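Engineer: As a plain string of letters, each chain reads:
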Amino acid sequence: MFEKSLSDLIQGLRASKRNESQYIQTSLEEIQNEVQMSDMQYKSAAIDKLNYLHMLGYDMNWANFNIVEVMASSRFNEKRAGYLAATQSFHQETDVLMLTTNLIRKDLASSNVMEVSVALDGLAQIVTPEQATDLFEDVLAILGHSRPYIRKKALVCLYRLVLRYPEGLHAFVPQLKDALDDPDPSVVSSAVSVICELARINPHNYMPLAPKLYHLLNSSTNNWMRIKIVKLFASLTPIEPRLAKKLHGPLSQLIKATSAMSLLYECIHTAVVGDVISVPIPVTDNIGREIDFAELCAQNLVRFYESKDHNLCYVGLVTLAHLQAKRPDLVVDQYDTIIGCLEYPDLSIRMRALEVIAGMTTRRTLTMTVKRLMSQLILSNTVSLQPNNKLDKDRHATNSNDDDASFSLDTSGTSLVSAHGNIVLPQRMRKADVDPADSPEYRAAIVDSILDMCSRQSYSNMTNFEWYIATLVDLVYIAGVDVGQKLSDKLLDVTVRVRQVREYSVKMMRRLLSDKSIVEYITPESPNAKVLCTAAYILGEYCALLPAISGDIGLLLPASLTRLNGEQQAMFIQAATKVYTNWLCDVSGYWNNEVWELVRSVTSSTMSTLSALISSCADVEAKEATTTTETDSVTMHALLAAMPLQVSARLRQFFEITKAVSVATSNPSDCAPRICLELHSLFTTYELNPVSAAAQSKVPVPEGLDLDQPIGNPIPDRSRIVMPPSPKPQPRPRRHSSSHRDGKDGKLREDRKNGPFYLGGAEGSNARSLIDLPDVDDIPVVALDLSEERSAKTDKKNKKSKPRRSGKSAKSDKSRKSRMCSPSPPPISVDIAGDEDMPGAVADDKQQLPDVAATQKA
Amino acid sequence: MIRSVLIFNQLGKPRLIKFYEPLDAATQQGLLREIHSLVAKRSDSLCNFLEGCQSIGGSDSRIIYRHYATLYFVFVVDSSESELGILDLIQVFVEALDRVFRNVCELDLIFHFDEVHYVLSEVVSAGLVVETNLKDISKAVGDKKEMAKPAQEQSRLGLGVLRRGFA
Chain B
1 MFEKSLSDLI QGLRASKRNE SQYIQTSLEE IQNEVQMSDM QYKSAAIDKL NYLHMLGYDM
61 NWANFNIVEV MASSRFNEKR AGYLAATQSF HQETDVLMLT TNLIRKDLAS SNVMEVSVAL
121 DGLAQIVTPE QATDLFEDVL AILGHSRPYI RKKALVCLYR LVLRYPEGLH AFVPQLKDAL
181 DDPDPSVVSS AVSVICELAR INPHNYMPLA PKLYHLLNSS TNNWMRIKIV KLFASLTPIE
241 PRLAKKLHGP LSQLIKATSA MSLLYECIHT AVVGDVISVP IPVTDNIGRE IDFAELCAQN
301 LVRFYESKDH NLCYVGLVTL AHLQAKRPDL VVDQYDTIIG CLEYPDLSIR MRALEVIAGM
361 TTRRTLTMTV KRLMSQLILS NTVSLQPNNK LDKDRHATNS NDDDASFSLD TSGTSLVSAH
421 GNIVLPQRMR KADVDPADSP EYRAAIVDSI LDMCSRQSYS NMTNFEWYIA TLVDLVYIAG
481 VDVGQKLSDK LLDVTVRVRQ VREYSVKMMR RLLSDKSIVE YITPESPNAK VLCTAAYILG
541 EYCALLPAIS GDIGLLLPAS LTRLNGEQQA MFIQAATKVY TNWLCDVSGY WNNEVWELVR
601 SVTSSTMSTL SALISSCADV EAKEATTTTE TDSVTMHALL AAMPLQVSAR LRQFFEITKA
661 VSVATSNPSD CAPRICLELH SLFTTYELNP VSAAAQSKVP VPEGLDLDQP IGNPIPDRSR
721 IVMPPSPKPQ PRPRRHSSSH RDGKDGKLRE DRKNGPFYLG GAEGSNARSL IDLPDVDDIP
781 VVALDLSEER SAKTDKKNKK SKPRRSGKSA KSDKSRKSRM CSPSPPPISV DIAGDEDMPG
841 AVADDKQQLP DVAATQKA
Chain S
1 MIRSVLIFNQ LGKPRLIKFY EPLDAATQQG LLREIHSLVA KRSDSLCNFL EGCQSIGGSD
61 SRIIYRHYAT LYFVFVVDSS ESELGILDLI QVFVEALDRV FRNVCELDLI FHFDEVHYVL
121 SEVVSAGLVV ETNLKDISKA VGDKKEMAKP AQEQSRLGLG VLRRGFA
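One line per chain: the protein sequences are B and S, in this order.
Start counting the first sequence at 1; every next residue gets the next number (full-length UniProt numbering).
Start counting the second sequence at 1; every next residue gets the next number (full-length UniProt numbering).
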């Protein structure tokens, strides 16, 4: 019956590479028979073979009972094989584990040292809570074994037992402490390993052991153990700051004396992380000078990150980042070395170097560093013109040969893109070259790093804001990863805060929006969509800074707009309204017949763009019902009602405005109609300033106001009204309901639920008709005193016209001051607006983080 | 602690799989494939550390490996271990194997995969390092081998087929 030994199996496997799985299947069947045999030799050999197959991915749980049988064998080699199989196969839920408790107890008590060792190793691996409770005392007794070999294994085993049986800790810790005095260095080393692991769970409990460990650190020569102790102290110093002073001596001695790089590294790391470097005791360096401990660490750290060995370089950079956080002055002069690390082929090293670079950039090196980082983004293989655009990626995949743009690369100018408005693609390199700069995480890290170093400390490193805007726009093209949200946040932040750069920013946004290669391929998810929405907002909000162009209206109402989601569409339409009214206001300044004709044509083309937009946005079904009368206003309303609320509200507003203008300009006149002049003031009465994210919470709730109380009665849900009741008694359109339409309706409803104006209602009330609505005359109207309102407005206007530095915060003042101190380049006269609080806010000294999300909503 | 020790060749064929936290066979194979795909594409000029292996331990875990001829020796560890220390430890482990097998090569590990486990258990037990002294490691391995021998002799008398079972 006995077929093959383990070697036969392995040889057979190697010989039958073609039908390996078939060979394994037959072998498994043989093993199934063999483990049933009564002869322990066969059984054990079968388990060995099974264990080998387990390594190749074949389950061996079915043989668990047989494994226990082999563990119980009286022969050492079989017992060992059984234990090995058990450690590989058993897990906490294995049912046969309860059978092993007594077996292990017997082995632990064996007179054979090797059996005890095998049992300890096995138990440590497979222990369950029940076993831990049952066997704890047995293992604890073994700690007094005469052989150090057994003592060290018992310590490790006990560590695993107390993890499952925490009550045992009380008895274990004193023994652990005694083990630190063991005459055998291996036992001491194992005890230290165990203490390190336990201290990770609860460091406080092991503080009393610190003096003993301290003594070991000084006296031992076992580097592995010293590394462990040094690492342990790194986790203890935050709890006991006095330890830092104690560690100063031995750490500085070790740093100066040791030749082992691993120990040297851990000493420096602990000194930096454990804040030993801030102990004000000087040390002498190797040429006898008295220096700061931090300087000693920095000097020795150079040996790591300047090393040819990539491993040393990597860990050196890790610690350098920590050192930088505590002593930036010691790191700054390493700029060239660190920049050099960005050229390493190793991704991990580059990532670490990026972390450090962002922190060490100064006003002088900012431009250079950013240029260097950007060139890494450009020169990799994966750059494409619309890298952030999924849709476009597909296009690239299908006809990648057609659009191999072979522009020339201009790296000499300050900006890589903006000079031409186009970024350039190097020829695609061979696929085989794996450039770390292709890795998405690295690209994202580069972008993060650039944004971080540019906007750090309220733009304290920034000397040229136009360059910054251009850089951000360049990043839109070359980032190649999803950083749209970050880029748009930064664009908005700098445009809102830095008044001087707004005009340039608007120009760049206009350029971005006129780039067909981006605009035509946007989807709601693509990162570019977020950037474009922000661009639309900026263009709309600050359009008055540039000479008005009627073309801007078209830019903000592109045909691809329908592909975006409701929120994004709303941003574009709102911006288009602002741009349109601004243009009207502008041309009204020099009104004549030509201008009149221009206004007529632009208004009518805008109207037709809008109605085209509406009909393409709207529900398919609604469109079918209204194919005959496209421009009919009733139909228009029906279509609008089917759109997400935030879109339809803005579309309706814009449409009504254009309608009013077209009515007002129906006949040529000598002077501009008032509506053309005044409309834009709707959007410019109040200036939007950056508002602190916490501003609202600082405004106290007035007494007697209950924010949870609904205001008035719930408004009936009109969103379901697709068609007004037609003159002919027509069956409801719902009758045609197909699964497709239901799906769409459901989605629409979901969309609306997310809308800002959604007022929830019972599902049943959905299909209400117009007739159910209250009569218009029944709506109570309160008479408003307009004169009062107007005077308030003019007050505000007067106040605003005064020159003022809006909300300049203490923080930015401070950063300005620090800029003044730096030698070069000269400080620039740019106001960086801080966050404002709301009127009536309670005074709060805490400086809020900049957040301009509030302005974006407006 | 050390979460896992793996030895595999350039093609990803496992030569030793040891997980100090229980995992089922499918997960183990998945991890093996994942780690192999990460490690095998790295040239020898890159650093020997990889951070954040998602499936085992998440962000706390690091892969530390060494490449010897046809084999990769991989240790998956958490942040309590020193990277450079583990690199040294891998060297110790390989030297111990070299002593046990006398000029170790991949074939030795294939045909004596159990022996590799026994050597490892003298260096690392339940995820903690118990011995770093080369002499002590090879002595312990030798002692146990000696102990296993009589049984092997016996089997050799009885059954020739088992001859190659234990070296």
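The set of hints was computed from the structure by calculation and includes no laboratory data.
One should not assume that every hint holds.
[Said to hold, decoys possible] Computed list of lysine-lysine pairs in DSS-like fashion (alpha-carbon distance at most 30 angstroms, straight line):
1) LYS139(S) - LYS308(B)
2) LYS17(B) - LYS41(S)
3) LYS106(B) - LYS149(S)
4) LYS106(B) - LYS41(S)
Owing to the predicted nature of the structure, the values given are computational and were not obtained by experimental measurement.
Engineer: It remains to establish, for every hint, whether it holds in the given structure.
Structural biologist: Status of each hint after checking the structure:
1. LYS139(S) - LYS308(B): Violated. LYS139(S) to LYS308(B) sits at ~36 angstroms, over the 30 angstroms cutoff.
2. LYS17(B) - LYS41(S): 24 angstroms, holds
3. LYS106(B) - LYS149(S): Answer holds: LYS106(B) to LYS149(S) is near 22 angstroms, not above 30 angstroms.
4. LYS106(B) - LYS41(S): 48 angstroms, violated
Comparing the model with each numbered hint stated earlier shows that hints 1, 4 do not hold.
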